[in-house]
Amino acid sequence: MKYTLDAKGKVPGRVATEVAVLLMGKNRTDFARNKIPAVEVEVENAGAMSLEAKKLKTKSYPRYSGYPGGLTLESMAHVVEKKGKKEVLRRAVYGMLPKNKLRPRMMKNLKIKE
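Numbering (my numbering), first residue to last: 5 to 118.
FYI, nobody ran anything at the bench for these hints, they're computed from the structure.
Where hints are given, some of them may not hold.
[What the hints assert, rightly or not] Straight-line alpha carbon distances no greater than 35 angstroms define the calculated DSBU-like cross-link-like pairs of lysine-lysine that follow:
id : residue 1 : residue 2
1  : Lys61     : Lys14
2  : Lys115    : Lys59
3  : Lys39     : Lys90
4  : Lys12     : Lys90
5  : Lys14     : Lys58
[What the hints assert, rightly or not] DEER-style ranges, computed between Cβ atoms:
id : residue 1 : residue 2 : range
6  : Gly70     : Asp34     : 16 to 26 angstroms
7  : Thr8      : Pro102    : 19 to 29 angstroms
8  : Thr33     : Leu106    : 12 to 22 angstroms
9  : Pro72     : Glu44     : 34 to 44 angstroms
10 : Met100    : Lys39     : 32 to 42 angstroms
11 : Glu78     : Ser54     : 12 to 22 angstroms
12 : Arg67     : Asp34     : 17 to 27 angstroms
13 : Pro102    : Glu44     : 34 to 44 angstroms
14 : Glu85     : Thr33     : 37 to 47 angstroms
15 : Ala42     : Tyr98     : 17 to 27 angstroms
16 : Glu56     : Met100    : 11 to 21 angstroms
Backbone N, C-alpha and C define an ideal beta-carbon position, used for all residues, glycine too.
Model the full structure from these sequences, guided by the hints.
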């Protein structure tokens, strides 16, 4: 089943919760935690999402290299500048999915268009 969501004028977190529920299949009657539903979610107008100026400065995404002192922080403004608003949405959805072997396979069913 294919779902299409419009992100125009919405906040990334609100869109991400809708997408995460659809990707996990929690809206279906045959929901099972150990199964990936045959669902494709397409998000349109990700470039038209509304981001607050304060959030752009304060929100940071940590990255750890594995070495002592290897923690680097990227601000949301830097991520938007380098990769666009669709990367912000992708990271939000990624954080809302279960942290197990199924998460990368669920993320393959997500298509985001600017």
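How the hints compare with the structure:
Pair hint Lys61 plus Lys14 holds up; C-alpha atoms about 19 angstroms apart against a cutoff of 35 angstroms. In summary, the hint linking Lys115 to Lys59 is supported, as the alpha carbons are separated by about 24 angstroms, within the 35 angstroms threshold. A threshold of 35 angstroms between alpha carbons decides the hint, and for Lys39 with Lys90 the separation of about 26 angstroms falls inside it, so the pair holds. As the CA atoms of Lys12 and Lys90 are separated by approximately 12 angstroms, the hinted pair is consistent with the 35 angstroms bound.
Straight-line distance between C-alpha atoms of Lys14 and Lys58 comes to about 16 angstroms, which keeps the hinted pair within the 35 angstroms bound. Between Gly70 and Asp34 the beta carbons are some 40 angstroms apart, a value that contradicts the proposed interval 16 to 26 angstroms. The hinted range of 19 to 29 angstroms is satisfied by Thr8 and Pro102, whose Cβ atoms lie roughly 24 angstroms apart. Between Thr33 and Leu106, the C-beta spacing of about 19 angstroms keeps the proposed range 12 to 22 angstroms intact.
For Pro72 paired with Glu44, a C-beta distance near 42 angstroms keeps the hint of 34 to 44 angstroms intact. Our hint of 32 to 42 angstroms for Met100 and Lys39 is violated, since their Cβ atoms are close to 18 angstroms apart. Remark: the range hint 12 to 22 angstroms for Glu78 to Ser54 is upheld by a beta-carbon distance near 21 angstroms. Between Arg67 and Asp34 the CB atoms are about 37 angstroms apart, so this pair departs from the stated range of 17 to 27 angstroms.
Range check, Pro102 to Glu44: Cβ separation about 19 angstroms, and the 34 to 44 angstroms hint is violated. A hinted range of 37 to 47 angstroms holds for the C-beta pair Glu85 and Thr33, which are about 43 angstroms apart. In this structure the supplied range 17 to 27 angstroms holds for Ala42 paired with Tyr98, their Cβ-Cβ distance being about 20 angstroms. As the Cβ distance of Glu56 to Met100 is approximately 20 angstroms, the hint placing it in 11 to 21 angstroms holds.
This entry does not satisfy hints 6, 10, 12 and 13, going by the numbered hints stated previously.
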